[in-house]
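On the provided structure of chain Z, position chain R as indicated by the hints.
Line order of the protein sequences matches chains Z and R.
Those letters in the first sequence? Residues 174 to 464, per the working numbering, in order.
Those letters in the second sequence? Residues 174 to 464, per the working numbering, in order.
Honestly, the hints are just simulated from the structure, not real lab data.
Computed from a predicted structure; not experimentally measured.
Because identical chains share one entry, a pair is satisfied inside a single copy or across any pair of copies.
Under the rule of at most 35 Å between Cα atoms (straight-line distance), these lysine-lysine pairs were calculated in the DSBU-like manner:
#1 K219 <-> K308
#2 K197 <-> K184
#3 K184 <-> K308
#4 K219 <-> K184
#5 K197 <-> K308
Spelled out from the first residue to the last, the chains are:
Number of protein chains: 2
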Amino acid sequence: MSNEERIAQYKNQLETYLREFYEKRSNLPQSRLFEAMQYSLMAGGKRLRPVLAMEFCRLCGGDWHQAVPFAAAVEMIHTYSLIHDDLPAMDNDDFRRGEPTNHRVYGEAMAILAGDALLTDAFMVAATAQLPDPKDMAFAIETLAECAGSMGMVGGQALDIASGERELTEQEVIDIQTRKTGALIHAACVLGAIAGGGSEEQIDAAARFAEGLGMAFQIRDDMLDVIGTQQELGKGIGTDETKNTFVRLYGLEACEELVQRYTGYALDALEVYSDTEFLSELAGSLTDRRV
Amino acid sequence: MSNEERIAQYKNQLETYLREFYEKRSNLPQSRLFEAMQYSLMAGGKRLRPVLAMEFCRLCGGDWHQAVPFAAAVEMIHTYSLIHDDLPAMDNDDFRRGEPTNHRVYGEAMAILAGDALLTDAFMVAATAQLPDPKDMAFAIETLAECAGSMGMVGGQALDIASGERELTEQEVIDIQTRKTGALIHAACVLGAIAGGGSEEQIDAAARFAEGLGMAFQIRDDMLDVIGTQQELGKGIGTDETKNTFVRLYGLEACEELVQRYTGYALDALEVYSDTEFLSELAGSLTDRRV
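Isolated chain Z (complex conformation) (with noise of 0.2 Å):
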């Protein structure tokens, strides 16, 4: 099987688990609210959370089927946070991915409400994952949970907005971005590992691949928001150019480096694992993505 096939055999699997999920309660009267969580669920992307979790447990040994309820809980938690994210009070973005943002469609407090449902339905997912060993279950909630919280996620974008106009310092901007980004891939990887029944030594490895991976994920991202056109990102420029990114500090050419830098510690990390020529094309061509 190709990567591509590989790649379109994950998403697909992802997506119809996804559109069923919310099929069967079709029959709910809440069905605006469903609409509205459909509406940037099923926008499309690169999926590339889900992606890293079902390879994760493939290559644990395990059926990567069986990853698909962590791999859903993660891209609806990486969902809601760009809805949020949105949010008039937040960045106040008008188009994602070139279409309009959820509260331009659904209004302000329906987008807060989509949110509010994408996150915490993630958790009913996840908890629905057949592990090989169901007392493993504690640790992946504990980790998806830590990796999305006031911890991870949610705490690098405090820290962002907290920071406001300021010009940070090379750790601060570490601390912001390692969350931001970085934390949600942790766990995706982790629970992919989690999910094949991965020995604690592949766990381990999959968290290093996973911040190497989210460092020159995030450098990268910032290099594009300085050479992209709005056409490729499918979201207005420039919205973060006072915003504190890798490129301000380092510059663009030492960015190039770093990217290089980062996802050499995250392929050294496949060490432990065999067949991972996948991940290792799938993080080359996260560093030289053009959107």
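What follows is chain R alone, placed relative to chain Z:
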């Protein structure tokens, strides 16, 4: 031990747990977020849901301390829902329990994030519960998320918002209120019973008690909105007056009878337990409460 002493013991244990949870994390840089979260979390309140969780754990024969993580999780979810409900895009309330609402103190962006973080951290806390059978963790997490998410509390809030100023049918009001208020009371009682190692019969009885108490509690709440005073409730009166309430459907007198009937339904469910004096008195005091 008197009932007042038991309530004080439960509340004290809960508040110590919540305080320590965030004190342990006070060295993290996102201190403003933690401050905003604790502002609402430690603002007092009846702590009804945590008390129910701990008491059902005890009634099922467990050590009630085992239910503290679940009790804390439910209270964190309750608190986040108040923060988000008060937002300008939602009810736009300036005061809560006599104090300025979260967004009035910390700004709208931080209030959204404080809510998001409390909701997420709730699952992190819940996952640390030590259950008689660790395999029950999946059931507990699924129940908590189902009660709080699109099928439960957020679903009720979305129905309420989508209905706008329209006059609702009896069924529509019940659809909204059982989700908005009843669902989280259900989660508290059922998770308490799970933490106590309750049998299927005991868990089912906890669910029926919650159903009756949830309805009685909400109808009483609607009544207080009409007969209360601003001072007694510590929030603006009449912000819900254009909304569809049980008082508008049935009138005050019939509501009084309904509160008694639903409370009776709740108490009947307790038959499978012994030593239910505390819960009976608690249910009675909620029925007669002035605030």
